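Participant: So you can see what is in the structure, the chains are spelled out below.
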Amino acid sequence: MNTEFGAHKIIEFSNGVFITETVINTWVIMIILVIVSIILTRNLKVIPGGKQNVAEILVGVLTSLVGSSMGKDKIGFTPYMGTLMIFLVCANLWGLTGFRPPTADLNTTFALSMLTFFMIHGNSIRKKGVGGWVKGTFFEPVAVMAPLNLISEIATPVSLAFRLFGNIVGGMIIMSLVYHALGSILSSILPIPIFMLGIPAVLHAYFDIFAGVLQAFIFTMLTMVFVSMAMD
Amino acid sequence: MEVYTGLVSFSWNFFFQIINTLILVFLLTKFLFNPVKNMLEKRKNQIADDVNGAAEAKSQAEALRADYEKKIKEIRMEADAILKDAKAKADDNSKKIIQEARDKSDDIIEKAQAEIDRNARNARNELKGDVASMAVMAAEKIIGEKMDDELNEKLVVKFIEEAGDVKWQN
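In order, the protein sequence lines correspond to chains E and U. Position 82, counted from 1, in the first sequence is what my numbering calls 114; the numbers after and before it change by one each time, with no gaps. Position 28, counted from 1, in the second sequence is what my numbering calls 347; the numbers after and before it change by one each time, with no gaps.
For reference, chain E alone in the conformation it holds in the complex:
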C-alpha cells in the first residue's frame, strides 16, 4: 500500500521547479470545461432549443445565485463566482474518475482562497478607498479590536483553503483505505475481489458527490458573502 498521499510530481525541471498531477488534472478539467462551453454556446439563437437551454439554465442559476447572495448591484461578479463554482464542482467530482482531485492539494485550495482574499480587500479598497478599508476592516466596531480583526482577516483564506482541502483529501484518503481494506480482506478469503464492487459506491456517493458538491457550494457562497460584506 502506498502510504504517500501527496501529489505526484509529473514533470520536474532542472532548476527544481516541478509540475504535479494536480496542475495536469486542472488543465484537463479546464480543457473539458472550455470545450463544453464552446459546444453549449455555439450558434446561440433568440429562440432557444436543445443544448442552448442547458447553457441558459446554468448561467441563469449562477446569475440568480450571485444576485441573491451578493445583491443585484454586484451581479458583475457572476463570471468569477460562476467559474469558481463550476470548477470546484468538477474538481471535487474529479475523484470519481480515479484521478487525484485538484482540490486535494493545498496549492489549489490556497490559490483559490488567496484569490478570494485579494478580491475581498481589493474590492473593499476600490469601493471605500484606503481609509474606509482600514477603518471598516480593522477598527470596527472599536479600535481596540484591531489585532483580533487582523487575525480574523488572515484566518479567512486559511480556513477557506483548509476546509476544502481537508474535506476532499479526507475523502480521498478514506476511499483509498477502504479500497485497500476491502482488497486485503478478500484476497485472504476469496480470490475474486467481489466486495470492492458495491460497497465503495455508497462511500463515493458521500465523500465525492455529496461532500464535493457541498464544499464547492460552501466555498463559493463564502467567497460571495465575504466579498459583498467587504464592499457594503
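Honestly, the hints are just simulated from the structure, not real lab data. Because the structure is a prediction, the values reported are computed rather than measured. We treat Cβ as the ideally placed atom computed from N, Cα and C, and that holds for glycine. Hints are not guaranteed to be accurate.
To be verified - If we take Cβ atoms under 10 angstroms as the criterion, some of the chain U residues that face chain E in the derived model are:
#: 1; residue: Ser328
#: 2; residue: Trp331
#: 3; residue: Asn332
#: 4; residue: Phe333
#: 5; residue: Phe345
#: 6; residue: Phe350
#: 7; residue: Lys356
#: 8; residue: Met358
#: 9; residue: Gln365
#: 10; residue: Ile416
#: 11; residue: Ile427
#: 12; residue: Ile428
Said to hold, decoys possible - Pairs of lysine to aspartate or glutamate, EDC-like flavour, derived with a Cα cap of 20 angstroms:
#: 13; chain 1: U; residue 1: Lys477; chain 2: U; residue 2: Glu459
#: 14; chain 1: U; residue 1: Lys473; chain 2: U; residue 2: Glu445
#: 15; chain 1: U; residue 1: Lys423; chain 2: U; residue 2: Glu434
#: 16; chain 1: E; residue 1: Lys77; chain 2: U; residue 2: Asp404
#: 17; chain 1: U; residue 1: Lys356; chain 2: E; residue 2: Glu88
#: 18; chain 1: E; residue 1: Lys106; chain 2: U; residue 2: Glu360
#: 19; chain 1: U; residue 1: Lys415; chain 2: U; residue 2: Asp425
#: 20; chain 1: E; residue 1: Lys104; chain 2: U; residue 2: Glu360
#: 21; chain 1: U; residue 1: Lys389; chain 2: U; residue 2: Asp399
#: 22; chain 1: E; residue 1: Lys160; chain 2: E; residue 2: Glu88
#: 23; chain 1: U; residue 1: Lys414; chain 2: U; residue 2: Asp404
#: 24; chain 1: U; residue 1: Lys363; chain 2: E; residue 2: Glu88
#: 25; chain 1: U; residue 1: Lys414; chain 2: U; residue 2: Asp426
#: 26; chain 1: E; residue 1: Lys83; chain 2: U; residue 2: Asp449
#: 27; chain 1: U; residue 1: Lys415; chain 2: U; residue 2: Asp426
#: 28; chain 1: E; residue 1: Lys77; chain 2: E; residue 2: Glu88
#: 29; chain 1: E; residue 1: Lys104; chain 2: E; residue 2: Glu88
#: 30; chain 1: E; residue 1: Lys77; chain 2: U; residue 2: Asp368
#: 31; chain 1: U; residue 1: Lys363; chain 2: U; residue 2: Glu375
#: 32; chain 1: E; residue 1: Lys77; chain 2: U; residue 2: Asp369
#: 33; chain 1: U; residue 1: Lys356; chain 2: U; residue 2: Glu375
#: 34; chain 1: E; residue 1: Lys167; chain 2: E; residue 2: Glu185
#: 35; chain 1: U; residue 1: Lys356; chain 2: E; residue 2: Glu172
#: 36; chain 1: U; residue 1: Lys447; chain 2: U; residue 2: Asp436
#: 37; chain 1: U; residue 1: Lys477; chain 2: U; residue 2: Glu445
#: 38; chain 1: E; residue 1: Lys159; chain 2: E; residue 2: Glu172
#: 39; chain 1: U; residue 1: Lys349; chain 2: E; residue 2: Glu185
#: 40; chain 1: U; residue 1: Lys460; chain 2: U; residue 2: Glu472
Guided by the hints, dock chain U onto chain E, whose structure is given.
Facilitator: Same frame as chain E, now just chain U:
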C-alpha cells in the same frame, strides 16, 4: 528524484493554480458567460421591441378599422341615397308612362267611340231612308197604284220619327 510531494506542502504549483484559475475565469467568461448574457439581453430587447411593435400595430389597426367603418357607413349612406333617388325616378317614370298610356288609351277609346257614333248615325240614317222607301213600295203594292211618291215618303218618315228612335237603335 522524489516522486511525491508532501501532503501539506507548498510549491510553485500554488502560482500555477492561481494562473490556471485566472485563465479559466477568462475563458469561461469569453465562451460561456458573455455569450449567454448577450443572448439573453438580445432576447429581452427583441421581446420588448416585439411587444411595443405589437401595441403600435394594434393601435394602427384600430385606427384603420375606425377609418374603414366610417367609410363603409358613408358608402352605405351614399348607396341609400342613390337607391332612393333611383326609386323616385323610376316611380316618376312609371307614373309618367302609365299616365301616357292612360291618355293614349283614353284617346283611342274616345276616337273609337266617335267612330262608332258616326257609324251608328250613318247606319241609322241609311236605315231610315231604306225603311221609308220600302214602306212606300209595300204600300204601293197593297194599294195597287202609284202614290204621289214625294208626299207619301214624307208621311212615312214622319210616322217613323213619331214611332221613336229607340226602336231603331235596338
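Participant: Each hint: holds or not?
Facilitator: Verification of the hints:
1. Ser328: holds (7 angstroms)
2. Trp331: holds (5 angstroms)
3. Asn332: It holds, given that the least Cβ distance between U/Asn332 and chain E is near 4 angstroms, below 10 angstroms.
4. Phe333: holds (4 angstroms)
5. Phe345: Result: holds, 9 angstroms to nearest chain E Cβ.
6. Phe350: holds (4 angstroms)
7. Lys356: holds (7 angstroms)
8. Met358: holds (4 angstroms)
9. Gln365: holds (6 angstroms)
10. Ile416: violated (73 angstroms)
11. Ile427: At about 88 angstroms, which exceeds the 10 angstroms cut-off, the nearest Cβ of chain E leaves the hint on U/Ile427 violated.
12. Ile428: violated (90 angstroms)
13. U/Lys477 / U/Glu459: The given pair, whose Cα atoms are some 18 angstroms apart, holds under the 20 angstroms limit.
14. U/Lys473 / U/Glu445: holds (16 angstroms)
15. U/Lys423 / U/Glu434: holds (16 angstroms)
16. E/Lys77 / U/Asp404: With a Cα-Cα distance of about 64 angstroms, the restraint between E/Lys77 and U/Asp404 is violated, given a limit of 20 angstroms.
17. U/Lys356 / E/Glu88: holds (9 angstroms)
18. E/Lys106 / U/Glu360: holds (17 angstroms)
19. U/Lys415 / U/Asp425: holds (15 angstroms)
20. E/Lys104 / U/Glu360: Judged against 20 angstroms, a Cα distance of about 16 angstroms means the pair holds.
21. U/Lys389 / U/Asp399: Satisfied, since the Cα-Cα distance of roughly 15 angstroms is no more than 20 angstroms.
22. E/Lys160 / E/Glu88: violated (34 angstroms)
23. U/Lys414 / U/Asp404: holds (15 angstroms)
24. U/Lys363 / E/Glu88: holds (13 angstroms)
25. U/Lys414 / U/Asp426: holds (18 angstroms)
26. E/Lys83 / U/Asp449: With a Cα-Cα distance of about 131 angstroms, the restraint between E/Lys83 and U/Asp449 is violated, given a limit of 20 angstroms.
27. U/Lys415 / U/Asp426: With a Cα-Cα distance of about 16 angstroms, the restraint between U/Lys415 and U/Asp426 holds, given a limit of 20 angstroms.
28. E/Lys77 / E/Glu88: Measuring from Cα to Cα gives roughly 11 angstroms; hence the hint holds.
29. E/Lys104 / E/Glu88: OK: E/Lys104 and E/Glu88 at ~19 angstroms, within 20 angstroms.
30. E/Lys77 / U/Asp368: Within the cut-off at roughly 17 angstroms; holds.
31. U/Lys363 / U/Glu375: holds (18 angstroms)
32. E/Lys77 / U/Asp369: The given pair, whose Cα atoms are some 16 angstroms apart, holds under the 20 angstroms limit.
33. U/Lys356 / U/Glu375: violated (28 angstroms)
34. E/Lys167 / E/Glu185: holds (13 angstroms)
35. U/Lys356 / E/Glu172: violated (38 angstroms)
36. U/Lys447 / U/Asp436: This hinted pair holds, its Cα atoms lying about 16 angstroms apart.
37. U/Lys477 / U/Glu445: Within the cut-off at roughly 16 angstroms; holds.
38. E/Lys159 / E/Glu172: Holds - the C-alpha atoms of E/Glu172 and E/Lys159 are around 17 angstroms apart, at most 20 angstroms.
39. U/Lys349 / E/Glu185: violated (32 angstroms)
40. U/Lys460 / U/Glu472: holds (15 angstroms)
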